[in-house]
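Trainee: Each chain, letter by letter, is given below.
2 protein chains.
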Amino acid sequence: MRGITYLLGTVVALSGVVAYMAPATGGADTEAAPIFGVKIPQGYRDWRWISSAHEAGKLNSLGAVLGNDVAFKAFRDGKLPYPDGSIIAALHYRNVPSDENNMVFGEAQSFVPGAPTNIQFMIKDSKKYAATGGWGFGHFADGKPGDAAFMKSCFPCHEKTKATDLVFTHYAP
Amino acid sequence: MRGITYLLGTVVALSGVVAYMAPATGGADTEAAPIFGVKIPQGYRDWRWISSAHEAGKLNSLGAVLGNDVAFKAFRDGKLPYPDGSIIAALHYRNVPSDENNMVFGEAQSFVPGAPTNIQFMIKDSKKYAATGGWGFGHFADGKPGDAAFMKSCFPCHEKTKATDLVFTHYAP
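So the protein sequences, as listed, match chains A and B. No gaps in the numbering here: position 128 of the first sequence is 128 in the working numbering, and each next residue is one more. No gaps in the numbering here: position 117 of the second sequence is 117 in the working numbering, and each next residue is one more.
If you are wondering where the hints come from, they were derived from the structure by calculation, not from laboratory data. All figures in this text were calculated on a predicted structure; none of them were measured in a lab. Here a beta-carbon is modelled for each residue, glycine too, at the ideal position from N, C-alpha and C. The reader is advised that the hints may include incorrect statements.
[To be verified] One-sided excerpt, in silico: chain A residues whose CB lies under 10 Å from chain B:
id, residue
1, Ile-35
2, Arg-45
3, Leu-80
4, Phe-105
5, Lys-160
6, Thr-161
7, Ala-172
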């Protein structure tokens, strides 16, 4: 009886875990981005938060950078280069004023993510993407990948951040 | 033997899970915030991302709102009121220009989280916090809770967002 109780406990614990890990949002069998063949990874919206980012000017963007478990751990531990299997997701939205918040605060101070603009991914696979520093890039707007000309622009820009293994984002503690 | 193998598999699976769930950052046996008795919840830095936020002006803040599993699911599913057990964490940092990014972009456009300023929590417990809409509030700077006068200001402000169960943040898809 004690054995059965233990087993039951285990099954319950495992079920809870499966429910926790099952990705409920993000990703689908989408078209792959040219050059790198990167698709939107299943469940990316459930990944952990690495940092936020605001781009002023033309981009006028507010968003977040999330990482899968491999990437998140490397960020948190400050471990470079990122190990194979790391995937970093940058979720971008219009940077819009929050009328709702500003009414409460009594000042036009509050900006929040508006409509989604695009999602970008970096996937570390040092063999497959050896020619581009070990990283494959993906860019998607409304689920549609960027075209080849756009995708060609990823690596030359990220190559400028060699000291951080081609990654702009730093972990927010 | 088959039984032992199964059991071993289970133990290995559980160990993996424990390793995954073990909070590696965030939380400690900190001092409780006055009035509500809220402490920094263990492992909050590993919670999932609900949205980012930028406060211009005096606050000059950039950060993120994270949720524990209960809160995250309610946000994602648009379920109101938030169920008991929901905990929402707002992580705030100085909004600072990224010289590193701006050099690459060739324009002063990029803002990132700088030094942490404070962390705030909302904990839903409809019985314990019945007098404040079911929410207990916590505010911590450098691990130290806000004083009673500060903590008194939480509820009257959040009460203005009754339509969203006293929560300002919306889920970024």
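Trainee: Output the indices of the hints that this structure fails to meet, ascending.
Mentor: 1, 3
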